[in-house]
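Chains as they are written, first to last, in our numbering: chain A, 1 to 193; chain B, 1 to 134.
Watch out, some of these pointers could steer you wrong.
Covered stretches of chain A, as calculated for chain B (at least 3 residues, CB under 8 angstroms) [what the hints assert, rightly or not]:
#	region
1	7-20
2	25-34
3	47-57
4	165-174
Derived pair list, reagent style PhoX-like, types lysine-lysine, alpha-carbon separation capped at 20 angstroms [stated by the list, open to error]:
#	chain 1	residue 1	chain 2	residue 2
5	A	Lys120	B	Lys40
6	A	Lys174	B	Lys30
7	B	Lys130	B	Lys60
Pairwise CB distance ranges, derived in the manner of DEER restraints [as the list claims (entries may be wrong)]:
#	chain 1	residue 1	chain 2	residue 2	range
8	A	Glu128	B	Gln52	26 to 34 angstroms
9	A	Arg88	B	Val107	42 to 50 angstroms
10	B	Ile76	A	Lys53	16 to 24 angstroms
11	B	Glu38	A	Lys163	21 to 29 angstroms
12	B	Leu124	A	Thr57	25 to 33 angstroms
13	B	Glu36	A	Asp41	19 to 27 angstroms
14	B	Ala81	A	Phe20	48 to 56 angstroms
15	A	Asp41	B	Glu134	20 to 28 angstroms
Derived by calculation from the structure, the hints in this document are not laboratory data. The beta carbon of each residue, even a glycine, is placed where N, CA and C say it ideally should be.
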Amino acid sequence: MNDAQLVQQVLNGNNHAFRFLVGKYQRLVTHVVGRIIQQEDELEDICQEVFIKVFKTLKRFRGDSKLSTWIATIAYNTAITHYRKLKRRGELSYSEEPNIILAEKDPGLNQKSIEKEEAKKYLMQLIESLPVNYRTVITLFHLEEFSYKEIEEITGMPEGTIKSYLSRARKLLKGKIEKVARLEQTNIFVDYV
Amino acid sequence: MKKLPVWNKLIYLLTMYNEDRNFDTDKLLKEAFTSEPEFKLSENFTDALVKQVERRFAWKQYLREFAIYLAVILGIMLVAAVLAFVWYDVTVSGWMAFFTKNASLVVGINLLLVFVLFADRVLLRYFMYKASTE
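Could you build all of it, start to finish, from the sequences and the hints given here?
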């Protein structure tokens, strides 16, 4: 079933079609909302709100863009509205600069158990600590594989800004890792002998 | 063996990869960017959502039917009023005088009828539907 047929089925009141649509785009919505909100307890409610908005406004979908782009736009707008609300209420700390703090987790790890996966996990923690716009474009571009044009459509950010956020995010993370690595490189081995 | 702090573990790992395995930071970044974040929705998320949407759909459907009923009743009343003007000796001023004289009664009866129709076509059906799906 293609997207146009799926939309038509949902509009006809076919619950199975709506269930299928939710299943198909649940991952996308969860990623977009999760990366913006970062609060487990809010995530489910906001995802539900997104799909209800999709259902209510589906008749306005004319197929000018892909259904995934259209749903991602709703997810982005809903999540960013909630994010601003939380920020106003002071439930989120907001900074344009990355606040890279790593908690001491899993102290039982030793040299042998350190694997590439672990480094990736730490890097993902670093990604979560990036400013919201950086996290959003990283998610849309790398994880969901949207094009610059589609991200522009979803977020309303100009293409140049998107490219700049992506490159700055990469540079920030890389710089942070390499800087700390350079500074601590010698000490670690002293510490570890 | 001494336990490593988190940063040291990461640095150790990167150093190890950089020196011993010719590891590429860009590659690691790319892998981290494309890795699934650990956001999880509950297992019954879809069921709960579909149920909610079904209820909304039912509510909208019942409201639409109520609007059709109301439109049909109003249409019949309008036709009856036109026929009364054509076949019987009725004047607009006569109607107006009757309405102003019995305003509260006319408004009350109409509101009651609309409410009964609304309760029958929308409220009762919706609550019955809701109860059956819970």
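Now the hints, each set against the structure:
no. : hint                                     : in the structure
1   : 7-20                                     : holds (count 4)
2   : 25-34                                    : holds (count 5)
3   : 47-57                                    : holds (count 6)
4   : 165-174                                  : holds (count 3)
5   : A:Lys120 <-> B:Lys40                     : 19 angstroms, holds
6   : A:Lys174 <-> B:Lys30                     : 11 angstroms, holds
7   : B:Lys130 <-> B:Lys60                     : 14 angstroms, holds
8   : A:Glu128 <-> B:Gln52: 26 to 34 angstroms : 30 angstroms, holds
9   : A:Arg88 <-> B:Val107: 42 to 50 angstroms : 45 angstroms, holds
10  : B:Ile76 <-> A:Lys53: 16 to 24 angstroms  : 39 angstroms, violated
11  : B:Glu38 <-> A:Lys163: 21 to 29 angstroms : 28 angstroms, holds
12  : B:Leu124 <-> A:Thr57: 25 to 33 angstroms : 29 angstroms, holds
13  : B:Glu36 <-> A:Asp41: 19 to 27 angstroms  : 20 angstroms, holds
14  : B:Ala81 <-> A:Phe20: 48 to 56 angstroms  : 51 angstroms, holds
15  : A:Asp41 <-> B:Glu134: 20 to 28 angstroms : 24 angstroms, holds
In summary, the one numbered hint that this structure violates is 10.
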